[in-house]
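Starting from the known structure of chain P, arrange chain F on it as the hints suggest.
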Amino acid sequence: MSEFLQHLVNMLVLGGTYALLGIGLTLIFGIMNVVNFTHGVLYTFGAYIMFIVVQQLGLNFFLALPVAVLAGWLLGAAIELTLLRPLRGSDIDTTMLVMIGAWIAMQSGTLWIWGGVAKSVATPFPEAPLVLGPVSVSWLRLFVLAAAAMLILVTYLLINKTSLGRAMRATFQDHDTASLMGVNVDMIYTSTFAIGSSLAAAAGALLGPVYVIFPQMGDLAAVKAFAIVILGGLGNITGAVIGGFILALAEELGAGYVSSGYRDAMGFVIIIAVLIFRPTGLFARAERVG
Amino acid sequence: MRTVITILAVAVLASVPLWLRDPYLLNALITTGIFVIGAMSLNLLLGFTGQLSLGHIAFFGIGAYVSALTSLGFDVGLPGDVRLVHTPWPPIAGLLLAIIVAGLCGYFVGLLSFRVRGAYFVIVTISFAEVVRLVALNWVELTQGPLALTNIPSIALPLPGFGELTLRTKMQNYYLVLVVALIAYLLIARLVHSHFGRAMRGLMENETLAVSVGIDVTRTLTLAAVISAAIAGAAGSLYAHYIRIIDPEVFAFINTVTMVIMVISGGKGSLAGPVVGGLIFGLLPVALRPVMAPEAQWIAYGGVLMAILFVLPRGIVPSLALRFARRRSGASALAPVALTETGAKEPA
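Taken in order, these protein sequences are the chains called P and F.
The first sequence runs 0 to 289 under numbering that gives the first Met the number 0.
The second sequence runs 0 to 347 under numbering that gives the first Met the number 0.
One chain only, chain P, in its complex shape:
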């Protein structure tokens, strides 16, 4: 029983960052209808920003997170403006393949600049974990959970309470009508991609110090993000949050009770199963696109 409780605690920590990844991708996929293969690279990018700010520049750990969010925002906006805006109107396969090209180029760039050796980041948190009865959790992971929860809340408020969020939701429902109502759809697309990318970078910056940082770390993160989006339904932010926690739970239980080698297979199994049995996602609300 205590083992199960420990799995639940781990699930909460992991699920928070997965939710961040999922929200970012579901926004981009849902609003722009782009299968964003650079999402994993942005995750890696956020982790390396953390590494640069903390280890190479020697600045404060807590400063690194906002820097990573900002850097992710800028890189996302740059990708959208240079690669996706000129291809507006082309079919989903073309943009997907361009995103794959960008992913290969950027990941190889990361490998070229920082090499393949895994990096770790020193954190200001005490080594000894917080012990609560039968379960223990490190202070770093608690911080990750709190920061992720805060970012999820900020995104939720941004989408639901601001005029930018209203324009994004309108574009999601029908971009032609939104455009006729005076929404600058191009600007919405760029903002969406930038926001989604900054969330991926934040997830990488948060999980990077928990594990180690290496150029290919984003590949699995991207697939997990796709699993979360499919679980939660396209463009469904609440679904993405719940999907993030479900995936984390499945991984924890899979690793704990099946075999740790199959931990990362859970995401793929979920994708296949959901698409076969319930292709609109577990919490279907929005219309499926594509």
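The set of hints was computed from the structure by calculation and includes no laboratory data.
We treat Cβ as the ideally placed atom computed from N, Cα and C, and that holds for glycine.
Careful: at least some of the hints might be erroneous.
[As the list claims (entries may be wrong)] The calculated label-pair distances, taken between Cβ atoms and stated as ranges, are:
no., chain 1, residue 1, chain 2, residue 2, range
1, P, A121, F, Y106, 29 to 39 angstroms
2, P, N59, F, R82, 34 to 44 angstroms
3, F, Y106, P, R87, 30 to 40 angstroms
4, P, M186, F, G302, 48 to 58 angstroms
5, F, N26, P, M186, 28 to 38 angstroms
[What the hints assert, rightly or not] Chain P is nowhere near these chain F residues, computed Cβ spacing over 10 angstroms in every case:
no., residue
6, L7
7, L111
8, V115
9, E140
10, A147
11, L156
12, T165
13, R167
14, R218
15, V259
16, R322
Relative to chain P, chain F alone:
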């Protein structure tokens, strides 16, 4: 005209081992040829049915593992204290089994493609390939996991009356790959020009209309997937018996991407497209190796993929064919470019 070019190209390819003595280049040509077969099979799905399978390497890898395990033998425990023991069979049996098993897997993925389309089909196929990779990595008893299957025997051709011919040298393997590639090319060409091929393209261009004239969607898509997967499985088997060692990295996503780049750059929906694109991208690393670091090569790879999609979205072969046809149409009537024209797909 087309036939002349094809015969000329085959003659040039067949003469290569006679004047090319560099084993490194010959090796690059053989592995490129194997990937060209994979790319041709991918083109059957991507170019003629419009289904983008980004898990195509799964069929290739399954073919490689099936063929290797058939010719190496195995002894694994199954749940319920059952032991499955298999004594080694000749590699040629492995090749046949690889084709059959990969084709069966293609059948299931083909059924899926009827249920999920577009981006979702892409994600399902990626997931399928990754699950297979993780199984190959973790089922150590069967696959040796990351330790790889080693000492895979070379393919031996049974010659009636003369015993067997074991293909050990690069030259022999080159001709084996060339022959299999030719068979695959002719099979796909035959298929594409048949009633079935017209059904596939009809589905790709306008599914509602195609269904209304009585084309069976499920049957057409699954059959295309089965044949495509079976050819990819044959390519995987050739790979296993040529390289003679395989590990789960054969399932790496980048290998699928390589095939996709070959098809897209050469021209999807064009028969010669994957061959042209495959030769360019298979030999590009050889040309880049002296001048670029490996990481920089991959950056160039990604850059070239993006550049092709921006500059030549139809691919090299259809663009050239179109230009050629335009020049001739000045003198004579409009030249037929029907086959290559299907390479340009309407936005979904």
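These are the hints, each one checked on the structure:
Here the CB-CB span from A121 of chain P to Y106 of chain F is close to 53 angstroms, at odds with the stated 29 to 39 angstroms. Here the CB-CB span from N59 of chain P to R82 of chain F is close to 60 angstroms, at odds with the stated 34 to 44 angstroms. For the pair Y106 of chain F and R87 of chain P, the beta carbons lie near 38 angstroms from each other, so the given range of 30 to 40 angstroms is met. Restraint check, M186 of chain P to G302 of chain F: a C-beta distance of roughly 28 angstroms breaks the suggested window 48 to 58 angstroms.
At roughly 52 angstroms, the beta-carbon separation of N26 of chain F and M186 of chain P lies outside the given 28 to 38 angstroms, and the hint is violated. Every Cβ of chain P is farther than 10 angstroms from the Cβ of L7 of chain F; the closest lies at roughly 32 angstroms, confirming the non-interface assignment. The claim that L111 of chain F is not at the interface with chain P is violated, since a C-beta of that chain comes within 10 angstroms of its own (minimum 7 angstroms). With a least beta-carbon separation of about 5 angstroms from chain P, V115 of chain F fails to lie farther than 10 angstroms from that chain, contradicting its non-interface assignment.
For E140 of chain F, the requirement that its beta carbon stay farther than 10 angstroms from each beta carbon of chain P is met, with the minimum near 13 angstroms. Every C-beta of chain P lies more than 10 angstroms from that of A147 of chain F, the closest at about 16 angstroms, which supports listing it as non-interface. Here L156 of chain F stays apart from chain P, with its beta-carbon at least about 38 angstroms from theirs, past the 10 angstroms limit. Listed as a non-interface residue, T165 of chain F keeps its Cβ farther than 10 angstroms from every Cβ of chain P; the least gap is roughly 37 angstroms.
At the 10 angstroms boundary, the C-beta of R167 of chain F stays outside the reach of chain P, the nearest C-beta of that chain being 35 angstroms off. Residue-level check passed: R218 of chain F sits 20 angstroms from the nearest beta carbon of chain P, beyond 10 angstroms. Residue-level check failed: V259 of chain F sits 7 angstroms from the nearest beta carbon of chain P, not beyond 10 angstroms. No beta-carbon of chain P is positioned within 10 angstroms of the beta-carbon of R322 of chain F; the least distance is around 21 angstroms.
When each numbered hint is compared with the structure, violations occur for hints 1, 2, 4, 5, 7, 8 and 15.
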